[in-house]
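Protein chains: 2
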Amino acid sequence: MSNKSKPVLLIALGGNALIKKGQEGTIQQQFENLRVPIRQIAELSEEFRIVITHGNGPQVGNIMLQQESCKKVPKLPLEILVAQTQGQIGYMIESAIDEALMEMGINDRLLVSLITYVVVDKNDPGFKNPAKPIGPAFSRQEASFLEYPTMVTPKGYRRVVASPEPLTIVEKREIQSLIKRDFIVICCGGGGIPVIREGRAFSGVDAVIDKDLASALLAEEVAVDIFIIATDVAGAILNFGTSDQKLIRQLTKESADQYIHEGQFGVGSMQPKVEAAVRFVNRTGKRAVITSIKDIKESVVLRAGTEFI
Amino acid sequence: MSNKSKPVLLIALGGNALIKKGQEGTIQQQFENLRVPIRQIAELSEEFRIVITHGNGPQVGNIMLQQESCKKVPKLPLEILVAQTQGQIGYMIESAIDEALMEMGINDRLLVSLITYVVVDKNDPGFKNPAKPIGPAFSRQEASFLEYPTMVTPKGYRRVVASPEPLTIVEKREIQSLIKRDFIVICCGGGGIPVIREGRAFSGVDAVIDKDLASALLAEEVAVDIFIIATDVAGAILNFGTSDQKLIRQLTKESADQYIHEGQFGVGSMQPKVEAAVRFVNRTGKRAVITSIKDIKESVVLRAGTEFI
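So the protein sequences, as listed, match chains A and B. Take the first sequence: its letters are residues 1 to 309, numbered as in this note's numbering. Take the second sequence: its letters are residues 1 to 309, numbered as in this note's numbering.
Check the hints yourself; a few may be wrong.
Copies of the same chain are indistinguishable here, so a pair counts whether it falls within one copy or spans any two.
Stated by the list, open to error - Each computed DSS-like pair below joins lysine-lysine, with the alpha-carbon atoms no more than 25 angstroms apart:
1. 6 <-> 180
2. 21 <-> 72
3. 128 <-> 294
4. 20 <-> 75
5. 155 <-> 297
6. 75 <-> 172
7. 132 <-> 72
8. 75 <-> 21
9. 71 <-> 21
10. 155 <-> 72
11. 72 <-> 246
12. 253 <-> 75
13. 180 <-> 286
Hint data in this document are derived by calculation from the structure and do not stem from the laboratory.
Whenever a hint applies, use it, and build me the whole structure from the sequences.
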């Protein structure tokens, strides 16, 4: 199949592609977990051009803990920690793909992992009312010593930061150029490094961008054909966690809005994925799917997941 | 000037491009320091195709200290820390170039920062006798609690790791393809993430690759025309630190070998740079220069630095 006729897939890998619930998250566990999605993606790369994005929640939380434990060196701002996780996870995904391709006997595929930053608006309402919990949980007493705002969550006191809307992916021209040439591109890790544009400069800001919304924007900006959000459940599920729970196989914007209104989807988990998928389909008329990490390949041919129409 | 006639420059930035001697290394200091080399590089990008590599010594040392201060999360192996610094420093260099290009009114240059790994031999003699000190210095008592080998240095006890020879840059095809299309490419940070190839897989190893030797290899593998090593002194200097000290303006392989034999160049500082420059010139017949970070532009037209012939 010639490059030009290969449709473009964007696969957004959830944090659980690397660290599963309940795992400590050693590097061996992370590489082992990655094998499941990456083998499928390597296989898909024969018939599709591939863009991969990924979360970074547990990894950036760990780096924050390490920073806070050490008084000897200057602390780095949050956007630099996001950049560190792009390096870390980008390397892990890239080398896992290399390994899968070698196992398949393919040695001519081009493959890059890119640093990516994403512009946000300095007047985004998120900056006035930071509401996104990140990093580890602290006791009330520990939290009183922290230098930043916290909120009470079921796990304890957690740092909150702004989660502004992504406006544009700074590297979109480069990514599009690479996709055209059939490079597999890993990018936009952790939702991208958040920056604001001030005059002729970009400056990093203390925020995290939702990974699925950033991925939806990237998918739109670089003309992706199918946008796949891979997570730890089978798709968008009604009555989740009850005996009545039911996977939705096809979802329209209207039904999605209604279910969100009913509070069917977890606010910090499934809801932003549904919103990202709806937004992409609405703006582009193309396909989006939310699926389990183990069913990425099946979801492309509509045998798994929730399809957005 | 058309892309094809633009010669290719590889500029290897020393760690002091980001953190100067005696500085604590806050993020503001690092961005401020970067302006000096980056403005010159942005200007050079009008007439040259550009590849940038960089060191990571102080940054990876800081992350090691943070890791060691924190018992709550799993420690990551050294190659993952190198990957983190590629993310961190790659982002900083990329956004500094973006800023310089915007100041110059240039908005169509393509620019990427790539994760890069570099193959080493698992039988490299470096693995039997780790001799490269990295990270912070400890007291004798502190050192006795560490989990890894140390050596005594003038600063105190420091961790030692292997520093194996770089054999090949895994992403060389991708980097060459990007250079051809006049992308500015930031890559090979910290000498690259060291990996060994075992059967059909790459595995990271506990080592650091000399940044200048890795840059020389990259320069050879992607057909660079001029290889510039930018550091904190004016070039290779005879009788360094004495009243007789003298910048060498041109250096042949034979003289370089002789001076190394005499111990003219610092073993962990200038000597590997001289060796890297000699190696590149010897293997390719092209030009290499060692120069000060503030004189990068001047060195391209032979008005500064030590030229290798």
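Evaluation of the provided hints:
{"no.": "1", "hint": "6 <-> 180", "verdict": "both (10 angstroms within a copy, 24 angstroms between copies)"}
{"no.": "2", "hint": "21 <-> 72", "verdict": "between (32 angstroms within a copy, 17 angstroms between copies)"}
{"no.": "3", "hint": "128 <-> 294", "verdict": "neither (39 angstroms within a copy, 41 angstroms between copies)"}
{"no.": "4", "hint": "20 <-> 75", "verdict": "between (28 angstroms within a copy, 17 angstroms between copies)"}
{"no.": "5", "hint": "155 <-> 297", "verdict": "neither (35 angstroms within a copy, 55 angstroms between copies)"}
{"no.": "6", "hint": "75 <-> 172", "verdict": "neither (30 angstroms within a copy, 34 angstroms between copies)"}
{"no.": "7", "hint": "132 <-> 72", "verdict": "between (28 angstroms within a copy, 22 angstroms between copies)"}
{"no.": "8", "hint": "75 <-> 21", "verdict": "between (28 angstroms within a copy, 19 angstroms between copies)"}
{"no.": "9", "hint": "71 <-> 21", "verdict": "between (30 angstroms within a copy, 20 angstroms between copies)"}
{"no.": "10", "hint": "155 <-> 72", "verdict": "between (29 angstroms within a copy, 16 angstroms between copies)"}
{"no.": "11", "hint": "72 <-> 246", "verdict": "neither (52 angstroms within a copy, 38 angstroms between copies)"}
{"no.": "12", "hint": "253 <-> 75", "verdict": "neither (43 angstroms within a copy, 44 angstroms between copies)"}
{"no.": "13", "hint": "180 <-> 286", "verdict": "within (18 angstroms within a copy, 33 angstroms between copies)"}
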